[in-house]
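Enquirer: Listed here are the chains, written in short residue letters.
Number of protein chains: 2
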Amino acid sequence: MSKKAIQDQWTEYGTMCWGCGRNNEHGLQIKSYWDGDETVATWHPQPYHLAFPGALNGGIIAALIDCHSTNTANAAANKAEGHELSSEIVRTYVTGSLFVKYLKPTPVDTPVTLRARVKEMKDQKVTVTCSLYSEGVECVTGEVVAVRVK
Amino acid sequence: MSKKAIQDQWTEYGTMCWGCGRNNEHGLQIKSYWDGDETVATWHPQPYHLAFPGALNGGIIAALIDCHSTNTANAAANKAEGHELSSEIVRTYVTGSLFVKYLKPTPVDTPVTLRARVKEMKDQKVTVTCSLYSEGVECVTGEVVAVRVK
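As you go down the protein sequences, you meet chains A and B in turn.
Okay, so the first sequence: first residue is 1 according to this note's numbering, each after it adds one.
Okay, so the second sequence: first residue is 1 according to this note's numbering, each after it adds one.
Simulated from the structure, these hints should not be mistaken for lab results.
Heads up, the list lumps identical chains together, so a pair's fine if it works in one copy or across two of them.
Simulated pairs of lysine-lysine, DSSO-like, Cα-Cα distance not exceeding 30 Å: (1) LYS122 - LYS150; (2) LYS119 - LYS4; (3) LYS79 - LYS104; (4) LYS3 - LYS119; (5) LYS104 - LYS122; (6) LYS31 - LYS101; (7) LYS4 - LYS79; (8) LYS104 - LYS119; (9) LYS101 - LYS125; (10) LYS150 - LYS104; (11) LYS31 - LYS104; (12) LYS122 - LYS101.
Bound-form chain A, shown alone:
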């Protein structure tokens, strides 16, 4: 597993994101690491991140999948071109679309693990698939299309 989180490689501009910014004290602050050709993030819900009693909120889950996948897209696309995310010539990708399929309720009282991988990479688009697991059980699956911005 990589030692430094993808989110900790961004320049200051990219650190205020509510989902994953290291400088957003109100946010979820997820951290994504490379593990071979996948990225992994483990995140601990707060008791108030509820959908209904016992279940993690679906909007929070969508936010986790969005940030983990878009960070994966940025890291992968720039790695493919030999750029670090901290570089001044970094190419930036933002979420173009997000699809989330909820397979079963996700418990709110245990950490969740996200695993993502690049499905397709074109010049202007990176498609990433992502699943969310609770205690090894896949509860949610998703796909993000990240698009390059100038």
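Chain A is already provided as a structure; the job is to place chain B on it using the hints.
Expert: Just chain B now, with coordinates in the frame of chain A:
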């Protein structure tokens, strides 16, 4: 426009949702109202609900679309059967899948408006389309498939 928000019609069990529960003090607490055959919600972002400077976070947007659309599905399906959401015989629908397409950045410093309508209603599934507007401009569009739970 209806006087009472859909979220304020739920029994206590449904009031802890992070996205829209009236009893979740840490949540977004959106309120959805009927306006003819559409539902409308207006919501004010906090300054820290950022994606990057100036732009509303995509995960927050997904959460807004999820809650507004799923509340619309529940209200519409139960209304079609003559049930109030506060009824003991209410049929409950949860998010089965969520699709969000980000058309342009959404400003973080002005209120956003969500408008949703039922696209299709079957016995076990309600499909809802939803758009998010900032100062009248459509910035995001989405679709939620809500599925009935026993």
